[in-house]
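The whole structure should be built from the sequences, with the hints applied where relevant.
Protein chains: 2
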Amino acid sequence: MYVPKEVEIIEVGPRDGLQNEPIPISSAKKKQLIRRLADCGFSRIETASFVHPKWVPQMSDAEEIARFSQELGLTYLALTPNMKALERAIFVHVPQIAVFIGASETFNRKNINRSINDSLTEYKRLIERAKKAGMFVRGYVSMAFFCPYEGAVSLEQVRNVCESLIKFGVDEIDIGDTNGQANPRLVYERFLKLQELFQETSFVAHFHDTEKMALANVIAALQAGITKFDSSIGGLGGCPFSPGATGNVATEELVNMLEKMGCETNLNVDLLKQLSSFAKSLSSR
Amino acid sequence: MYVPKEVEIIEVGPRDGLQNEPIPISSAKKKQLIRRLADCGFSRIETASFVHPKWVPQMSDAEEIARFSQELGLTYLALTPNMKALERAIFVHVPQIAVFIGASETFNRKNINRSINDSLTEYKRLIERAKKAGMFVRGYVSMAFFCPYEGAVSLEQVRNVCESLIKFGVDEIDIGDTNGQANPRLVYERFLKLQELFQETSFVAHFHDTEKMALANVIAALQAGITKFDSSIGGLGGCPFSPGATGNVATEELVNMLEKMGCETNLNVDLLKQLSSFAKSLSSR
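Chains R and V, in that order, are what the protein sequence lines are. In terms of this note's numbering, the first sequence is residues 1 to 285. In terms of this note's numbering, the second sequence is residues 1 to 285.
Computed beta-carbon distance windows for the label pairs:
{"hint": "1", "chain 1": "R", "residue 1": "152", "chain 2": "V", "residue 2": "264", "range": "13 to 21 Å"}
{"hint": "2", "chain 1": "V", "residue 1": "125", "chain 2": "R", "residue 2": "281", "range": "51 to 59 Å"}
{"hint": "3", "chain 1": "V", "residue 1": "154", "chain 2": "R", "residue 2": "28", "range": "44 to 52 Å"}
{"hint": "4", "chain 1": "R", "residue 1": "154", "chain 2": "V", "residue 2": "133", "range": "55 to 63 Å"}
{"hint": "5", "chain 1": "R", "residue 1": "24", "chain 2": "V", "residue 2": "75", "range": "54 to 62 Å"}
{"hint": "6", "chain 1": "R", "residue 1": "115", "chain 2": "V", "residue 2": "154", "range": "58 to 66 Å"}
{"hint": "7", "chain 1": "R", "residue 1": "199", "chain 2": "V", "residue 2": "106", "range": "47 to 55 Å"}
{"hint": "8", "chain 1": "R", "residue 1": "225", "chain 2": "V", "residue 2": "196", "range": "20 to 28 Å"}
{"hint": "9", "chain 1": "R", "residue 1": "171", "chain 2": "V", "residue 2": "284", "range": "48 to 56 Å"}
{"hint": "10", "chain 1": "V", "residue 1": "262", "chain 2": "R", "residue 2": "121", "range": "37 to 45 Å"}
{"hint": "11", "chain 1": "R", "residue 1": "2", "chain 2": "V", "residue 2": "264", "range": "20 to 28 Å"}
Worth flagging that the hints you see were computed from the coordinates, not collected in a lab. No residue lacks a Cβ here, since even glycine has one placed at the ideal position from N, Cα and C.
In structure tokens:
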């Protein structure tokens with residue numbers, strides 16, 4: 001069994017984890033979470049989203065959170081779903097941005113109200129602009145295994161969106177099992193094939209723990225050579241357009257497993273375990 | 001990644017799962033659980049323990065449960081920790097018995113109040129007698145990775161007890177991560193080595209989900225060539241002599257994962273999911 005010497009864990013709790021919380025979370029509490037996450041040793045944290053507050057009110061303090069992340073000296077990621085969002089992110093000097101697209105047409109339409117093609121047209125301009133501004137760009141591919149509306153998602157569908165994002169210049173692609181329906185065998189096979197198809201591309205694995213097999217999927221992805229994983233402290237998260245989906249793989253559980261395997265994460269698992277209850281206290285789930 | 005075409009899941013909920021429940025569970029309820037488990041398609045279920053009722057009052061109806069299991073046409077396992085227990089099991093024609101031993105001296109003494117050597121001396125006679133009675137014999141090796149009292153358990157310690165059990169004639173050896181402290185790398189390495197050392201022996205993997213990595217451990221064990229797994233419906237279980245240990249890997253989660261990977265269990269996952277809530281209702285945890 002292959003165990004890499006080191007992996008990178010990217011914490012996505014403050015953004016992916018909290019964005020759909022129905023009850024507003026104060027900026028002060030978010031800052032407390034981000035500061036304590038920084039203390040755990042993350043080199044990257046996804047802290048904000050510049051989506052219009054009409055769509056995601058929980059993220060309406062994006063500028064404030066971005067400035068705070070900057071002050072902490074963090075390399076942070078922020079979601080920028082359109083040009084307007086990108087301009088806001090550029091204005092506050094966000095170092096890393098992310099765009100997202102569904103591998104399934106139906107999910108993309110329900111999630112961002114646009115066809116995959118229309119999304120890609122927007123992202124072409126957006127990524128060009130972001131690269132000119134010196135930003136690192138992450139491309140999220142959601143529902144890369146199964147879709148709650150279409151069922152099984154083919155490698156072909158995933159390949160198509162990856163191909164476009166890579167052509168546009170993304171620095172990494174994040175493959176998401178957004179509704180937590182993947183399984184270790186599929187994870188292994190899909191990541192192996194994607195890396196064969198796009199040999200220069202850096203892939204990140206993003207698992208949800210809906211069926212309790214997120215950690216098993218991590219083991220499978222490691223076997224396929226993946227060394228970057230998203231996770232969410234306390235397992236925060238869920239997706240409003242993905243019925244029944246639960247949170248991301250919990251950071252403290254992921255780090256605990258990897259460290260026990262002798263795979264370095266450069267994170268403090270004891271601090272993470274302590275922080276987990278605070279993170280859960282922010283969630284109404 | 002290696003995925004075998006088929007695996008055997010052995011349900012241990014009615015015995016390992018329920019034995020430590022502080023509130024008595026009626027024989028009628030146990031029978032209901034066993035009957036419904038049989039309906040799910042198991043070829044083997046561990047249903048009873050012939051341990052003295054003074055030590056495990058929850059199992060005091062062993063004869064009644066054994067007869068019921070027989071009537072259902074089940075191939076069932078029952079625990080027989082000493083000669084007296086074995087004679088009771090022989091009397092009601094139990095087809096498969098199990099003995100258990102800790103790989104760590106301290107645990108063995110706390111768990112069954114005997115040294116490993118004294119246990120082995122008893123088991124030599126016991127297994128001889130059981131084999132003469134035509135019984136299939138399982139040898140449980142508990143704390144085969146970590147011990148709550150001694151910490152890391154060495155391969156040497158596990159090998160020593162396996163060696164004796166094999167010499168005495170056991171038909172299979174069940175390697176238990178009794179306190180759920182193993183990790184996928186260790187699981188893979190240990191099972192690989194044990195199978196190298198004892199090439200004729202059939203090993204079973206028995207994981208507890210204390211650290212949420214039981215399913216990841218299953219993936220690791222599969223990679224090492226293991227194709228028999230214990231599990232407990234609803235994740236029932238725990239161990240009174242293993243502080244903080246939680247239940248076995250949940251049967252419904254294990255079967256769900258394996259079936260999704262295209263690995264046949266010959267079990268009905270929908271029935272298992274339905275049965276899971278009934279099983280949990282029997283537990284006071």
